[in-house]
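Sequences are here, hints too, so could you generate the full structure?
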Amino acid sequence: MTTPSLPGSPPGTFGEDTKLESTKASALKGRFAGKLEAYALLIAWLGVIVVFSFVKPETFAQWSNVSSILASNAILVVITLALIIPLTTGDFDLSVASVAGLSAVTVAQLNVNLGWPLWLAILAAFAVALLVGAINGGLIVLLGIESLIVTLGMSTIITGVMLWVTDARTVTGVDPALVDMVIRNRFLGIPFIFYYALILTFIIWYIFQFTPLGQRLLVAGRNRDVARLAGIRVGLLRWGAMVAASLIAALAGILIVGLSGSAGPSTGLDYLLPAFAAAFLGSTAIRPGRFNAWGTFVAVYFLVTGITALQLLGAKTFVQYLFYGTALILAVALSQHIKRRRLKQGF
Amino acid sequence: MNNTPLLKITNLTKVFGGQKALDRVNLTVNVGEVHGLLGENGSGKSTLIKILSGFYEPDEGQLEVNGKSVALPLLPGQYRSLGFEFVHQDLGLLPSLTVTENLFMGRIAESRTPYFSWLNARRQATKIFADYDVNIDPSAYVDEVRPVQRAALAIIRAIEGIKYLRASAGAEVEPSLLVLDEPTVYLPSQEVDVLFGLVRNIVEQGSSVLFVSHNLDEVRQITNSISVLRDGRSVGTLNTETSTKRELVRLIVGRDLDQDEFEPIPVSRSEDTVLSVNGLTTSLVQDVSFDLRKGEILGLAGLAGSGFEDPVYSLFGSDRTASGEFMLSDLPVKFSGHNERSAIGMGMALVPADRKIFGSIFDLPMADNVNLTVLDNFFFKGILRHNKLRKNARDLLKEFDVRPQLVGMDYGLFSGGNQQKAMMAKWLQLPQAILLLHEPTQGVDIGAREQIYQVIRGRTSTMSTIIASSDFEELATLCDRVGIFVKGRLAGFLTGDDVNHSKIAEMCMGESADAR
Numbered sequence: 001m002t003t004p005s006l007p008g009s010p011p012g013t014f015g016e017d018t019k020l021e022s023t024k025a026s027a028l029k030g031r032f033a034g035k036l037e038a039y040a041l042l043i044a045w046l047g048v049i050v051v052f053s054f055v056k057p058e059t060f061a062q063w064s065n066v067s068s069i070l071a072s073n074a075i076l077v078v079i080t081l082a083l084i085i086p087l088t089t090g091d092f093d094l095s096v097a098s099v100a101g102l103s104a105v106t107v108a109q110l111n112v113n114l115g116w117p118l119w120l121a122i123l124a125a126f127a128v129a130l131l132v133g134a135i136n137g138g139l140i141v142l143l144g145i146e147s148l149i150v151t152l153g154m155s156t157i158i159t160g161v162m163l164w165v166t167d168a169r170t171v172t173g174v175d176p177a178l179v180d181m182v183i184r185n186r187f188l189g190i191p192f193i194f195y196y197a198l199i200l201t202f203i204i205w206y207i208f209q210f211t212p213l214g215q216r217l218l219v220a221g222r223n224r225d226v227a228r229l230a231g232i233r234v235g236l237l238r239w240g241a242m243v244a245a246s247l248i249a250a251l252a253g254i255l256i257v258g259l260s261g262s263a264g265p266s267t268g269l270d271y272l273l274p275a276f277a278a279a280f281l282g283s284t285a286i287r288p289g290r291f292n293a294w295g296t297f298v299a300v301y302f303l304v305t306g307i308t309a310l311q312l313l314g315a316k317t318f319v320q321y322l323f324y325g326t327a328l329i330l331a332v333a334l335s336q337h338i339k340r341r342r343l344k345q346g347f
Numbered sequence: 001m002n003n004t005p006l007l008k009i010t011n012l013t014k015v016f017g018g019q020k021a022l023d024r025v026n027l028t029v030n031v032g033e034v035h036g037l038l039g040e041n042g043s044g045k046s047t048l049i050k051i052l053s054g055f056y057e058p059d060e061g062q063l064e065v066n067g068k069s070v071a072l073p074l075l076p077g078q079y080r081s082l083g084f085e086f087v088h089q090d091l092g093l094l095p096s097l098t099v100t101e102n103l104f105m106g107r108i109a110e111s112r113t114p115y116f117s118w119l120n121a122r123r124q125a126t127k128i129f130a131d132y133d134v135n136i137d138p139s140a141y142v143d144e145v146r147p148v149q150r151a152a153l154a155i156i157r158a159i160e161g162i163k164y165l166r167a168s169a170g171a172e173v174e175p176s177l178l179v180l181d182e183p184t185v186y187l188p189s190q191e192v193d194v195l196f197g198l199v200r201n202i203v204e205q206g207s208s209v210l211f212v213s214h215n216l217d218e219v220r221q222i223t224n225s226i227s228v229l230r231d232g233r234s235v236g237t238l239n240t241e242t243s244t245k246r247e248l249v250r251l252i253v254g255r256d257l258d259q260d261e262f263e264p265i266p267v268s269r270s271e272d273t274v275l276s277v278n279g280l281t282t283s284l285v286q287d288v289s290f291d292l293r294k295g296e297i298l299g300l301a302g303l304a305g306s307g308f309e310d311p312v313y314s315l316f317g318s319d320r321t322a323s324g325e326f327m328l329s330d331l332p333v334k335f336s337g338h339n340e341r342s343a344i345g346m347g348m349a350l351v352p353a354d355r356k357i358f359g360s361i362f363d364l365p366m367a368d369n370v371n372l373t374v375l376d377n378f379f380f381k382g383i384l385r386h387n388k389l390r391k392n393a394r395d396l397l398k399e400f401d402v403r404p405q406l407v408g409m410d411y412g413l414f415s416g417g418n419q420q421k422a423m424m425a426k427w428l429q430l431p432q433a434i435l436l437l438h439e440p441t442q443g444v445d446i447g448a449r450e451q452i453y454q455v456i457r458g459r460t461s462t463m464s465t466i467i468a469s470s471d472f473e474e475l476a477t478l479c480d481r482v483g484i485f486v487k488g489r490l491a492g493f494l495t496g497d498d499v500n501h502s503k504i505a506e507m508c509m510g511e512s513a514d515a516r
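First to last, the protein sequences are chains A and B.
Numbers 1 to 347, taken from our numbering, label the letters of the first sequence in order.
Numbers 1 to 516, taken from our numbering, label the letters of the second sequence in order.
This list has only true hints and no planted wrong ones.
Sample of chain B residues facing chain A (criterion: CB under 7 Å; computed from the structure):
hint : residue
1    : Phe358
2    : Thr373
3    : Asp376
4    : Phe379
No lab work stands behind these hints, which were simulated from the structure alone.
Remember, it's a predicted structure, so these values are computed and weren't measured experimentally.
The beta-carbon is built from N, C-alpha and C at its ideal position, and this holds for glycine as well.
Given below as structure tokens:
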């Protein structure tokens, strides 16, 4: 029989030393390629900036343009950050954009038409989002319904509610204090809204990277059985991720109101596809193969810089749809390629 | 009967990572016979079958079908045109569709006509079942019919598939080969006869059957001849009628029954019971009760489908069908309502058999995998200490001799043995008192296996261990006591000198056991 009873077989007799060298070499080579891969998007973004600064120095390379790009797309950063939390636990949330819209409408409606103080209206918007997230998570975890289906239904319901509540009209005249806090007040010439997105990026980065919670979210999303067998409360985490996504989406909605001073029946809905494009593109950068905060941040600004540049060259509005759609498909293709390559090496 | 064998395999060799899964294997199946293929887990049976189905590429070997030489490796799907058909243990049926839909699935997939008559199909199904003399309702849903009817459906579908393909290709009808890979594992013994009737019927119609099984009695009942594999080698082909069961066991196990050499079994250290299971019932086992003593290494053995691994998963709270209760340090715990978190809290650890599905995350680094159980210990002042976590992982890899010692390398890139050592490390860094293992050395090379054994033995002063394994040699080497599972029941225990490979094998294969 093949089992020798040799207690304490010396290391080196295990027939793996020859393999060791080549594995080590390929691991090192992989590490270098990995570094390059991690910063490819960042480099591409800087490349776009440099090229267009030369091509259109009089419009593109102006501080006002930079500040406007950073501020007006902070909302997309926030919504995409909301999205990557459930994506990390392996669930889709198609309702983030509509929850943002709903919270915008809630703030505007309560503040303008019912005369609630601003802070109370904002609190109410978060409460509504909490409810939506709790229902989403409950249906997904307790009833085991596909997250895609649950949130597709939920976003449609919310769109209906928004139309109903606003009576299909835009509500204007929100407390200017909100506008001040979001867009009018500036730091280093950039409106506050950008810093909110920046702070949130730091927070999500911290949670994903520097807490056991972040590690558990990742593991629960990668392999629910492994997570369960390690004593992780998978259901609770998935539920919590849906709730967190809704709350952050509500923050985005409040920022939308602050940006425009108004909210209407279709506010926020256009953010869904760009958010998915940015989330998947972001998962190929900084920490390739994982949805991550800084990857998201870079991806959003890469996409919007590209679009702005094209528009400065004379492209019309339609170009952003082409751009985002293409980016989503390319980003998913790219992230699947990364995954497959890693799996292939695994065998 | 003609004398050209239907299937002739010569010198078939397949190497996995330096280990020969098949080593110059020969196998001949004659026309019109039921040929048994026997061997323990890891003896190479499934590798051989996967080469026949074109899934693996062999390193060497020749294949002849009906006297004609066929080039290896087979292309995917080529087995059909050779007249092979496979029925695996899982049967490959879609339970939410009807019997008729399942029966004609292949035909629909390949159909080029725009119209398919279900009325006609149902009528044909009724006729086919009548031809084979089995009673299945063609309009019933597959998940509503009895297990034996499901198995029969899968077998009939395979045979009809070959016939249809040949008829539509206009080829002259040559004998075909049906490979049955453990088709009886989930069937109650009294119903196996129905299946055997079907197999005989198929052979009378001019096909041959290659019957792969663990179960000696069944193989002896249905086959004409039997080939045995051991450690990837052909060790003999016997005529079923003239061979004895004892002879077969000897061929399978590979040694004379009374001359076992293995190292002396450590005497059980204590009579103190740390854990007792009372009346555990799951989807596979009924009313299982046993005690685990302090410092003991208790083995659980059985054939596939006997449920020998269920106590391990139930104790860890991950079998939701489990009922009954267990006592842990005088505390009664119900299996229902028990879960993984409570099990870990009670000081248990589980290293499951399937590293890929349940044990680890292949596309995360080694450090992330081994540190999963201790994350909270490395979170202080609001920061998860990645440097300390990496150091912890490095120390563990060193202690458990996992190579290469690169904690940033993806888990899936390590070899099987190193993956398994890392899984052990992941749990043994905790102060757990009960270690639950299922197939601890499956797909693990010899050196790593020996190291894992040492780890298990080395912890008996602080840990009690339960090992569910289908590797009987392993149980004989490690265990103080081995509980034998036969068809969902704990049939008895082997202790002392009886804890040896052949005794375990005999009892598992249903030889009358003197249960105590």
